[in-house]
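With the hints as extra help, turn the sequences into a complete structure.
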Amino acid sequence: MATAALKLDNVKKNFGDSQIITGLDLEVLQGERHAIIGPNGAGKSTMFHLISGLYEVSSGKIALNGRNITNMAPHKINRLGLARSFQITNIFPNMTVFQNVRCALLWTKGYKYSIWHLCDRLKKVNAQAHEILERIKLSSMANEKAAVLSYADQRALEIGITIACGADIIMLDEPTAGMSNQETTQAVALIKSVTEGKTLLIVEHDMGVVFDLADRISVLVYGKIIATGTPDEVRCDPKVQEAYLGKEAVECSA
Amino acid sequence: MIDNTTMDSAEIKGGQAVQSGFSGAAIAKWAGIWLGFILISLALPKIFDSRFAMSMFNQMGIAIVFALSFNMLLGQGGLLSFGHAVFYGMGGFGAIHVLCMVNDGELRIYTELLPLAGGIFAAILGFILGFISTRRAAIPFALITMGIGELLLASSLLLPSFFGGEEGIAGDRWTEITLLPFKYGKSIEVYYLILIWMFLSVAAMYLLTKTPLGQMANAVRDNHQRAQFIGYDPHKVRTFQFTLAAFFAGIAGGLFAINYEMVTAENLGMLPSTDILMMTVIGGITYFFGPILGAIFITFLQLVVSNVTHAWMLYFGIMFIIMIMWAPDGLAGLIMRHQPIWRAKRMTKILPSYLAALVPGLVMFAGVIVLVEIMFHISLSIDPESPLSIMGVSFRAQAFMPWAVGILLLGVGGYLFKLAARRVNQAWKTVLAEIKQEGV
Ligand SMILES: Nc1ncnc2c1ncn2[C@@H]1O[C@H](COP(=O)(O)OP(=O)(O)OP(=O)(O)O)[C@@H](O)[C@H]1O
Ligand SMILES: [Mg+2]
Chain A
1 MATAALKLDN VKKNFGDSQI ITGLDLEVLQ GERHAIIGPN GAGKSTMFHL
51 ISGLYEVSSG KIALNGRNIT NMAPHKINRL GLARSFQITN IFPNMTVFQN
101 VRCALLWTKG YKYSIWHLCD RLKKVNAQAH EILERIKLSS MANEKAAVLS
151 YADQRALEIG ITIACGADII MLDEPTAGMS NQETTQAVAL IKSVTEGKTL
201 LIVEHDMGVV FDLADRISVL VYGKIIATGT PDEVRCDPKV QEAYLGKEAV
251 ECSA
Chain B
1 MIDNTTMDSA EIKGGQAVQS GFSGAAIAKW AGIWLGFILI SLALPKIFDS
51 RFAMSMFNQM GIAIVFALSF NMLLGQGGLL SFGHAVFYGM GGFGAIHVLC
101 MVNDGELRIY TELLPLAGGI FAAILGFILG FISTRRAAIP FALITMGIGE
151 LLLASSLLLP SFFGGEEGIA GDRWTEITLL PFKYGKSIEV YYLILIWMFL
201 SVAAMYLLTK TPLGQMANAV RDNHQRAQFI GYDPHKVRTF QFTLAAFFAG
251 IAGGLFAINY EMVTAENLGM LPSTDILMMT VIGGITYFFG PILGAIFITF
301 LQLVVSNVTH AWMLYFGIMF IIMIMWAPDG LAGLIMRHQP IWRAKRMTKI
351 LPSYLAALVP GLVMFAGVIV LVEIMFHISL SIDPESPLSI MGVSFRAQAF
401 MPWAVGILLL GVGGYLFKLA ARRVNQAWKT VLAEIKQEGV
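In the order they appear, the protein sequences are chains A and B. Position one of the first sequence corresponds to residue 1 (UniProt numbering), numbered consecutively onward. Position one of the second sequence corresponds to residue 1 (UniProt numbering), numbered consecutively onward.
The hints are simulated quantities; they were obtained by calculation from the structure and are not laboratory data. None of the values given here were measured: they were computed from a predicted structure. Certain hints may be false.
[Claimed, not checked] Straight-line Cα separation of at most 27 Å, DSSO-like style, residue types lysine-lysine; simulated pairs:
1. 210/B / 124/A
2. 436/B / 29/B
3. 210/B / 76/A
[To be verified] Covered by chain B, according to a simulated footprint, are these stretches of chain A (three or more residues, beta-carbon under 8 Å):
4. 67 to 78
5. 81 to 94
6. 101 to 112
7. 117 to 123
Where is the CB? At the ideal position from N, CA and C, for every residue including glycine.
Next comes the structure, spelled out in structure tokens:
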């Protein structure tokens, strides 16, 4: 069996006295699209912060492609091939939209802290940045300051920055939050196309999106994963129905 | 990697590149600006050749390099340093010690390269101190830089062989070991040397804003957290940026050492640190060229106004506060704000309102001058009873009339200025609406 893209082993997190993550065990397989669902405040974003290195775990172990990344610095985890987006838009507000995306390409293209290259002359990098802008439909805003974008456009840019990193594991935290139906449909198509051949871990509230996108789903409630499985398995799990989907939820064929 | 056929040149904006077509017009514009800058610099000493003017130009050139290096931290990196003069001063000491060794025959180094020695010395120090101070930005950084400045100033007394105690270290720039056919006896020769270093430094600092490091310095300034999630260590970005800023401050310090042939510990203290902060902020930190304007303008004021009045620090302070409150983007911001109107060829629509505001503005300013000078005269002059003279008018500072005149000018001027400012606002609104409507 191939090593899991991501493996969480009894990960816990306390903030002071309150334990928010009470013991996470999760395996995200290579190349799968894995969705995390759960009620507000369940700890989904906190779990993302723990995996991506923003927060230190209180205990437990996290492995990326079999490699221990527990409590590693975020930039190091990113360089190992994990990119993430944020639930609350997290961009570079005083730089242009184009520059936002281009900055996200610089490390993976090997330019590091170079003072010997002029960014405007990096033909491939610029072409790729423009291509990403094309994909997230922001080409026409390329030279605007990111701060002046509309909310939906900033959400798109958030995804653009994340995918520009060229990582094989992409984590998206509620990418469609606050979007209209039409914008959501576009975003889902975009997510599908950019994660082709990659591993996706996505937090999402919109059940339509989840069932459309995910190969497997994990349900997070009160800092614990109570069920993992295919959309159908999860839908029919009585624990899930009780805790999250609600009694009247769905008919099950099983 | 390098290919300029498809990708674009850029405009300066906040030390960032803004994509634009790599058009002939854009190149011509930039070539024009640089050429104009060079021609003016070469013509200046021909037009104004007094001792005073030459010394002022030399100071301006040095201040330009120093202010731009400060803005590598503040404007481009979001790092507010209260101790940037440490690298200016240490660059000066580095250069003057090398010069002393050349004077003593222990070393053979071209005089022209002394600023480079200062820059390298400052950069080494900058790397170490930058590593220590930039782990976090914002307030911890500001306080640490302040502490380092005070620390070095205090330790200068403990290391007299390096800092030269109160008198500082002096050298003789007339060394016979030069690259150019200059002996640096005349101040015009020093001017040309400063000019060369200034242009090299300005160009280098400008290009640096467009490198991966320069771009990431902007990114870390905007959002250091997100920068981590695209593979960058903000601490390293800041450390490298800090090192480069120290390097150019050191070059400025080296030029200072050549210009004055003398460096004292005061050059690295709090005073020059705050000076350069104010210069840069008044010039404007969001545009690359802002600090250049600030350096020229403030150096001019410092030299000219301080000749005319003892109260110049006070005027300087008033101006700084006014700028912070009403023009936080500095002189450069004030100018660039007019760009859309200029492009739409609508400047004539707002200029009359400016002129209308200028008159009451000057009246108000005259009121401020009268009052400030009277107060200064009464409280600080050697003989307060001696007549005070402002712009050729002599009077007793203790008399009632001058006070009344001052208050009247201030009050009436202020009131009219307020009305005029409203008209300026109105004119702006109208013009912007027009431009928007026509989509020019
Ligand atoms: N830094 C922190 N300090 C203290 N408590 C925190 C912190 N971050 C999160 N929490 C708490 O942890 C709990 C889980 O938060 P989290 O943001 O992970 O939830 P979530 O599942 O992402 O919810 P949502 O669906 O609303 O995004 C919340 O009760 C929150 O108040
Ligand atoms: Mg959340």
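| field | Verdict on chain B covering the region 117 to 123 of chain A, criterion of 3 CB contacts below 8 Å | value | holds (count 7)
Does residue 124/A sit within 27 Å of residue 210/B, going by the straight-line distance between their CA atoms?
Between residue 210/B and residue 124/A the Cα gap is close to 16 Å, so the pair holds against 27 Å.
Handout entry: Stated coverage of the region 101 to 112 of chain A by chain B [criterion: 3+ residues, CB within 8 Å]
Key = Contact hint for the region 101 to 112 of chain A vs chain B: holds, 8 residues under 8 Å.
Given the hint that residue 210/B pairs with residue 76/A, does the C-alpha gap stay at or below 27 Å? holds (25 Å)
Given coverage of the region 67 to 78 of chain A by chain B, checked by CB-CB distance under 8 Å (3 or more) | holds (count 4)
Discussion item. Next pair to validate is residue 436/B with residue 29/B; report whether the Cα-Cα distance is within 27 Å.
Written reply: Measuring from Cα to Cα gives roughly 26 Å; hence the hint holds.
* Coverage of the region 81 to 94 of chain A by chain B (three or more Cβ within 8 Å) -> Three-residue rule met by the region 81 to 94 of chain A, so holds; n is 8.
Every hint from the earlier list agrees with this structure, and none is contradicted.
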